Amino acid sequence: MFQFTDGGLSNVWLANGYEEIDTPYGKGVSFHDLDGLVKAVCIALTRKITPLAGAEFRYLRQALCLSQGAVGQLMDKTDQAIAKWEKSVEPVPRLADFAMRAIYLQHADGDEAIKNLVTALNVTERTLHFVMRETPRGWRHTEQAEQPASTDV
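Residue 39 in full-length UniProt numbering is what sits at position 39 of the sequence shown, and the numbering runs on without skipping anything.
To be clear, the hints were calculated from the coordinates, so they are not data collected in a lab.
Just so it is clear, the structure is predicted and the values come from calculations on it, not from any experiment.
Please note that a few of the clues may not be correct.
To be verified - Using 27 Å as the maximum straight-line C-alpha spacing, the simulated DSS-like pairs for lysine-lysine come out as follows:
hint	residue 1	residue 2
1	84	27
2	77	87
3	39	87
4	84	48
5	39	27
6	77	48
7	48	87
8	115	27
9	115	77
10	77	27
Unchecked claim - FRET-style restraints, in silico, Cβ to Cβ:
hint	residue 1	residue 2	range
11	25	93	18 to 28 Å
12	30	95	37 to 47 Å
13	25	135	28 to 38 Å
14	115	33	34 to 44 Å
15	135	29	21 to 31 Å
16	131	8	41 to 51 Å
17	138	9	14 to 24 Å
18	120	91	24 to 34 Å
Glycine included, C-beta positions come from ideal geometry on N, C-alpha and C.
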């Protein structure tokens, strides 16, 4: 058995799916399907019956490629509040625990609305302007950083 300590996790063990290898720097480990393993660990975390520990919350956040600031913005908290949860200085609030699990599960299941939300949270420079266009299917929008040129009507 190999203890999988990626991202600070301390409670995950691998029965197989890895190889111990010799490298010029000493012993190493190669995982057969790292992306699949990360997803499986995240799904296991979302299904555990006890509250998420700080490292588990961080693991889910990082699997979504979200910064502490983006999660803080989503949960109306500061990035420092998120850091305290992740370092187990303060417990992860129940609503934040639930929200992180739900967001990860919906994202992993391919929910486009959640994927778009995660993508929007990952954008560091926010789009400032929406350009609305009427189409045969109703109004649609596009986003752009620069202010559109105004036409006088």
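Verification of the hints:
1. 84 <-> 27: Not satisfied, since the Cα-Cα distance of roughly 33 Å exceeds 27 Å.
2. 77 <-> 87: holds (16 Å)
3. 39 <-> 87: holds (22 Å)
4. 84 <-> 48: holds (22 Å)
5. 39 <-> 27: Distance ~25 Å between residue 39 and residue 27 Cα, so the pair holds.
6. 77 <-> 48: holds (25 Å)
7. 48 <-> 87: holds (20 Å)
8. 115 <-> 27: violated (38 Å)
9. 115 <-> 77: holds (21 Å)
10. 77 <-> 27: Violated, because 41 Å separates the two Cα atoms, which is more than 27 Å.
11. 25 <-> 93: 18 to 28 Å: violated (41 Å)
12. 30 <-> 95: 37 to 47 Å: About 39 Å separates the Cβ atoms of residue 30 and residue 95, which means 37 to 47 Å holds.
13. 25 <-> 135: 28 to 38 Å: violated (58 Å)
14. 115 <-> 33: 34 to 44 Å: violated (22 Å)
15. 135 <-> 29: 21 to 31 Å: violated (52 Å)
16. 131 <-> 8: 41 to 51 Å: Once the Cβ atoms are compared, 43 Å apart, the range 41 to 51 Å for residue 8 and residue 131 holds.
17. 138 <-> 9: 14 to 24 Å: violated (46 Å)
18. 120 <-> 91: 24 to 34 Å: Hint holds: Cβ distance 28 Å, inside 24 to 34 Å.
Hint compliance for this structure: hints 1, 8, 10, 11, 13, 14, 15 and 17 are broken, all remaining hints hold.
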